[in-house]
Amino acid sequence: MDFNDTQEEAKFRKEAYEWLKANAPLKEGPKDGWRAASEEEGLKEVKVWQKKLHEDGWACMHWPKAYGGRESTPIERVIWGQEVSKFKVPGGYLEIGQGMAGPVMMMYATEEQKERYLPPLATGEEIWCQLFSEPAAGSDVAGIKTKAELDGDTWTINGQKVWTSGAHFSDYGILVTRSDPSAPKHKGLTFFFVDMKSPGIEVKPIKQISGGANFNEVYFTDVKIPDSQRLGAVGDGWKVSLTTLMNERLAVGDASGPDFEEAFSLARGQDLNGKLAIENDAVREKLADWYCQQSGLKFAKYRNISALSRGETPGPQSSITKIVSGNKLQEVANFGLDILDSAGIIRTDEEGAEQSMYQYGFYGAAGIRIAGGTDEILKNIISEQVLGMPQDMRADKGIPFNEIPSGNK
Amino acid sequence: MNFEFSADQMQLKDIARKFLEKEETVRRARNILEGEESYDKDLWSQVAEMGFTATAIPEEYGGLGLGYLELCVIAEELGRSLAPTPFSSSVYLATESILQFGSDSLKQANLPSLASGEKIGAFAHAESTTSPTEKNITCEFKDGSLSGSKIAVTDGDVADFFIVSAKSGAEVGLFLVESSIDGVEITSQPTLDPSRSHAAITFKNAKAEALDSGWSNITTLLDRAAVLFSFEQLGGAEACMDMAKEYAMGRYAFGRSIASFQAIKHKLADMYIAVELARSNCYYGAWALSTDAPELPTAAATCRVSASQAYHECSKENIQTHGGMGFTWEFDCHLYYRRCRQLAANIGSQSIWKDKLISSLERANQI
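Chains as they are written, first to last, in the numbering used here: chain A, 1 to 409; chain B, 1 to 367.
Certain hints may be false.
Quick look at which bits of chain B chain A covers, simulated, 3 or more residues with Cβ under 8 Å [as the list claims (entries may be wrong)]:
no.	segment
1	94-105
2	112-126
3	251-261
4	304-315
5	354-363
Keep in mind that the hints were calculated from the coordinates and are not lab data.
Cβ coordinates follow ideal geometry from the N, Cα and C atoms, glycine included.
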């Protein structure tokens with residue numbers, strides 16, 4: 001048992017580090033990182049960085065070389081991730097396209113389409129979004145209602161999507177629709193990719209509890225999609241969606257925000273009732289709990305990496321990451337604000353203000369526990385797919401979709 | 001990265017598991033719980049014959065000279081199977097004390113018979129309802145003999161010798177006292193888990209031999225033992241999760257398997273999360289123990305807290321999943337519920353280990 005690389009891994013790590021060293025600044029501390037002045041600026045910087053990655057063969061590393069990838073092994077991707085985390089590099093706009101749209105295109109698009117659409121995803125020239133959730137279809141995502149009707153070889157789309165990250169700056173989107181409302185819920189779906197500049201698409205930002213707007217509502221009014229942009233057979237949309245949902249659940253990992261280290265350092269510097277908070281036993285107990293959770297996730301990840309390193313498929317441990325880290329973030333944020341006493345609720349734009357980090361965690365955790373599969377859906381997945389327990393009995397099984405009550409009625 | 005047990009170690013784990021299953025150790029634990037015996041002598045001799053007691057003892061002292069990773073996988077299976085033997089007392093505590101802090105003559109005199117299982121050792125530490133500290137230990141060693149009282153000594157009624165914490169002048173250290181000599185009085189104590197025997201011991205000028213002295217040795221001993229106890233707790237926790245799942249799958253209510261209800265599925269998912277965190281932290285502990293890493297105090301406390309939490313979660317929710325039957329004497333759920341408590345109490349409570357964890361992180365941060 002050790003934490004060492006194999007010879008090939010060490011060689012690859014060195015190569016990755018050296019390339020990064022030559023092309024990006026090292027982080028100056030654990031809290032240092034890349035930040036963009038605005039979304040627009042960020043997008044520009046990401047595109048420049050992605051182009052550079054692609055030119056030197058570090059883009060979409062596990063993809064085939066023909067589409068702009070490197071044909072790397074899973075362990076090489078992990079090592080790259082570890083090395084890149086030491087540097088201040090742009091990120092955050094391309095993940096959905098490369099992580100979710102890319103794989104589904106690779107599986108279901110024609111060869112010509114792959115050659116046309118995959119390379120610009122790898123180079124960062126084109127941005128993609130994912131059009132799945134709807135107002136009446138969140139956790140029950142198969143319950144979508146956006147209508148797709150075929151006339152000749154053109155589909156007409158009408159309906160509304162929601163929680164679409166980056167729709168306002170995306171070039172293309174992957175879209176799941178209902179083509180047959182009289183079929184049972186999972187049977188009448190059809191999957192497409194769509195040009196986001198198509199006439200009839202309207203994007204409206206959603207204001208979140210933090211005041212920011214990272215997501216959108218997307219309205220479709222008589223949007224035309226050629227049948228050639230259908231992915232998978234008519235009525236097979238659920239099967240196609242699962243490819244991306246599984247990728248999404250793996251992609252939404254650790255909740256970012258204050259963690260054990262921040263809470264520990266806060267408790268060591270902040271008075272609570274006349275003495276340092278760290279001297280309070282209740283504080284020590286909480287800190288110990290968070291440390292154990294953080295450590296458990298870290299070493300679960302190491303176990304996964306070890307499996308990859310041996311060329312095996314990792315176990316299902318990663319399914320617990322989001323549940324544990326999301327809840328931990330919510331508790332740590334609440335603790336930080338508590339320790340700061342009444343000052344904890346004061347909002348400030350002041351650079352580096354102690355309470356800001358906990359306030360963002362306070363807002364962010366509430367979203368993390370829902371995004372990409374709620375805690376409850378993830379527990380269903382663990383019990384069904386990991387422990388092999390039966391599915392819940394469904395009230396809508398076998399019933400034509402248009403006879404099932406959904407949403408708020 | 002190779003953060004896994006090796007194929008050989010996993011094979012040893014498999015051998016241990018099959019052996020313990022074949023020996024119906026859960027039934028044996030029930031027999032001890034219900035009967036007059038303090039432990040299962042037949043199982044103990046078989047465990048010794050398998051070489052489990054000799055695992056980490058060097059060959060020069062009659063051991064197998066394997067490492068602590070091997071001992072960890074055995075501990076997990078002993079915990080899973082509720083084996084009613086003095087293994088934890090004799091191997092994780094008494095053998096470790098002598099291995100780490102005993103003179104060569106103590107090693108020569110004791111390790112071969114500990115390896116073969118002929119001798120059983122126990123660790124006598126607690127004295128009252130207050131957890132033992134460097135300040136509150138009252139047992140005292142003076143002029144070659146030891147006086148004072150200890151309580152809740154696991155396997156105290158069957159041990160051939162005790163490793164006793166006692167003060168000597170200004171220092172607190174570890175001392176070896178034979179159980180059959182003058183001045184040693186042993187009284188069995190009933191406990192929440194009668195499948196493991198406990199005793200109160202009174203020493204009156206009992207002849208004792210000092211190990212290397214110092215409170216830090218006691219801390220190190222407990223850190224090392226904590227990793228092995230954690231693996232027992234992990235095995236027990238996973239056994240409870242598996243039992244709860246099996247029962248839920250086969251139990252029907254409201255016209256369907258109760259395993260299809262989200263209330264039950266989410267309970268099992270919570271158990272799985274607790275077990276996965278504990279397992280990952282136990283591996284960290286195993287790594288630190290087997291490599292004598294400076295991180296051992298942090299790693300030991302982390303896995304101890306995590307495994308105690310997982311076993312608590314799984315053993316109580318296993319009863320809950322079984323409903324009324326889980327509360328009966330007839331079903332095995334209570335055997336695990338009891339053992340969970342016994343293991344959680346044995347080398348210090350969760351609160352103590354949480355405090356140790358934060359203290360070790362404070363120290364690490366100062367450097």
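For each hint, the structure was consulted:
Only residues whose beta carbon comes within less than 8 Å of a beta carbon in chain A count, and the segment 94-105 of chain B has 0; fewer than three means the coverage is violated. Remark: the segment 112-126 of chain B is not confirmed as covered by chain A, as 0 of its residues place a Cβ nearer than 8 Å to a Cβ of that chain, below the required three. A count of 5 residues in the segment 251-261 of chain B with a Cβ less than 8 Å from any Cβ of chain A is obtained; the coverage claim is therefore met, three being the minimum. Here the segment 304-315 of chain B counts 3 residues with a CB under 8 Å from a CB of chain A, which clears the bar of 3, and the coverage holds.
Here the segment 354-363 of chain B counts 6 residues with a CB under 8 Å from a CB of chain A, which clears the bar of 3, and the coverage holds.
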